[in-house]
Structures are given as structure tokens and as C-alpha cells.
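Visitor: Sequence:
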Amino acid sequence: MKSGNGPLRVGIGGPVGSGKTALTEKLCKAMRDDYSVAVVTNDIYTTEDAEALMRMQALPSDRIVGVETGGCPHTAIREDATINLQAIAGLNERIPDLDVVFIESGGDNLAATFSPDLADITIYVISVCQGEEIPRKGGPGITKSDLLVINKKDLAPYVGADLDVMDRDATRMREARPFVFSDMKRGDGINSIVSFLKEQGGL
1 MKSGNGPLRV GIGGPVGSGK TALTEKLCKA MRDDYSVAVV TNDIYTTEDA
51 EALMRMQALP SDRIVGVETG GCPHTAIRED ATINLQAIAG LNERIPDLDV
101 VFIESGGDNL AATFSPDLAD ITIYVISVCQ GEEIPRKGGP GITKSDLLVI
151 NKKDLAPYVG ADLDVMDRDA TRMREARPFV FSDMKRGDGI NSIVSFLKEQ
201 GGL
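Taking this note's numbering, I'd label the letters of the sequence shown as residues 1 to 203.
Worth flagging that the hints you see were computed from the coordinates, not collected in a lab.
Using N, Cα and C, we set each Cβ at its ideal position, and we do this for glycine too.
Be a bit skeptical, because a hint or two may be false.
To be verified - Restraint-style ranges between C-beta atoms, simulated for each label pair:
| no. | residue 1 | residue 2 | range |
| --- | --- | --- | --- |
| 1 | D33 | G6 | 19 to 27 angstroms |
| 2 | K137 | Q57 | 18 to 26 angstroms |
| 3 | L163 | D117 | 34 to 42 angstroms |
| 4 | D62 | S115 | 23 to 31 angstroms |
| 5 | Q57 | E79 | 28 to 36 angstroms |
Build the full structure now, drawing on both the sequences and the hints.
Guide: Pasting the structure below:
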């Protein structure tokens with residue numbers, strides 16, 4: 001629950017099209033009845049992801065803030081997280097009982113990471129559609145995130161991806177760190193992700 005340090009801050013990163021916004025929506029809907037939840041989304045020049053979450057009715061609109069990062073979106077979650085920290089501070093002022101804030105990054109490459117000043121827990125999302133070799137390509141998102149989500153598992157037969165190979169490679173690259181296969185359209189994997197957040201985040 002909310003600690004003296006404020007709400008649990010969960011960073012959600014991953015390449016464009018991997019399913020970050022779909023994951024954020026599902027997590028909000030799965031947790032909003034039991035916890036006070038808010039979201040900050042990052043886009044380069046628009047607030048498209050924030051608007052999408054409002055359309056999906058993931059949360060009331062006053063609990064969703066979109067920030068326009070301009071330039072390189074990685075900077076806003078890593079080197080200079082000020083714009084995101086200010087957005088979280090604004091949410092805390094408006095909603096003082098916040099338990100969880102999800103911070104959805106702009107489309108990242110495999111080298112993107114969240115500043116520890118910004119995120120307490122990091123989730124990195126990749127898509128089966130990017131190819132079965134993605135887990136073994138490594139990068140901090142793959143190897144160092146607290147939880148790796150391998151999304152769109154239902155599409156594996158259509159893109160020639162072998163889930164067993166991805167499982168093996170993810171196990172090798174992440175060593176003891178957890179990962180989960182998911183299908184956001186059907187909600188597969190969401191319960192496991194929520195359980196992880198409750199356990200690791202002390203909710």
C-alpha cells in the first residue's frame with residue numbers, strides 16, 4: 001500500500017507495438033477495485049496513449065496524465081525524469097491516497113531503462129511478432145527488468161515463432177529473474193503480473 005515514500009511506481013517499457021498500453025489498461029482494470037491507481041503515459045509529440053486509456057475507460061480521466069517528452073523518449077524515463085516526476089507529484093496532490101502509479105514509456109529500443117528515481121519496479125514488454133530471437137538479443141530491458149512480459153503469444157503460429165525457444169532463451173538471458181507469456185486480448189498472464197506486483201511491491 002501507500003508508504004511514506006508515496007505510491008508504488010511501476011515503469012512499463014518496450015518497443016512500439018509490443019502491447020504496453022494494452023497491458024497498462026488490463027492492469028488498471030484488474031487493480032482499480034482494490035487499490036487507488038493512476039497512470040502517466042509518455043509520448044514524443046502527442047498524448048495519444050493517455051487518450052487511448054481514457055477511451056478504454058481504464059480509469060477515470062483525472063487519474064490519467066499524458067506527458068509529451070519531445071525528442072528522445074528515453075531521456076524522460078532515464079537521464080532526466082523531471083517531467084514524469086512532476087506529473088506524479090501532481091497526481092499525488094490531487095489524489096493523496098494513491099497506492100500505485102503506472103508509468104508507460106514511449107516506444108523504446110532494447111537498451112531503454114527506467115531511472116531508479118522514477119520507477120520502483122520495471123516491467124519490459126516484448127512481442128512474439130518481433131521474432132523468436134528477441135529474448136536472446138539481450139539489452140537492459142530484456143536482462144535487467146524486474147519482470148519481462150512476452151506478449152501476443154497467440155500469434156506465434158502466424159509469425160513462425162517457437163514459444164519453447166523463446167522460453168529457453170529468456171530463461172538463459174534473465175537467469176533467475178521472472179518472465180511471463182501473455183495474450184492481452186484474452187487477458188492471459190494478467191493475474192500472474194498482478195500477483196508479481198503485489199508480492200514485489202508490498203501491496
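Visitor: Can you name, in rising order, the numbers of the hints this structure does not satisfy?
Guide: Per hint list: single violation, 2.
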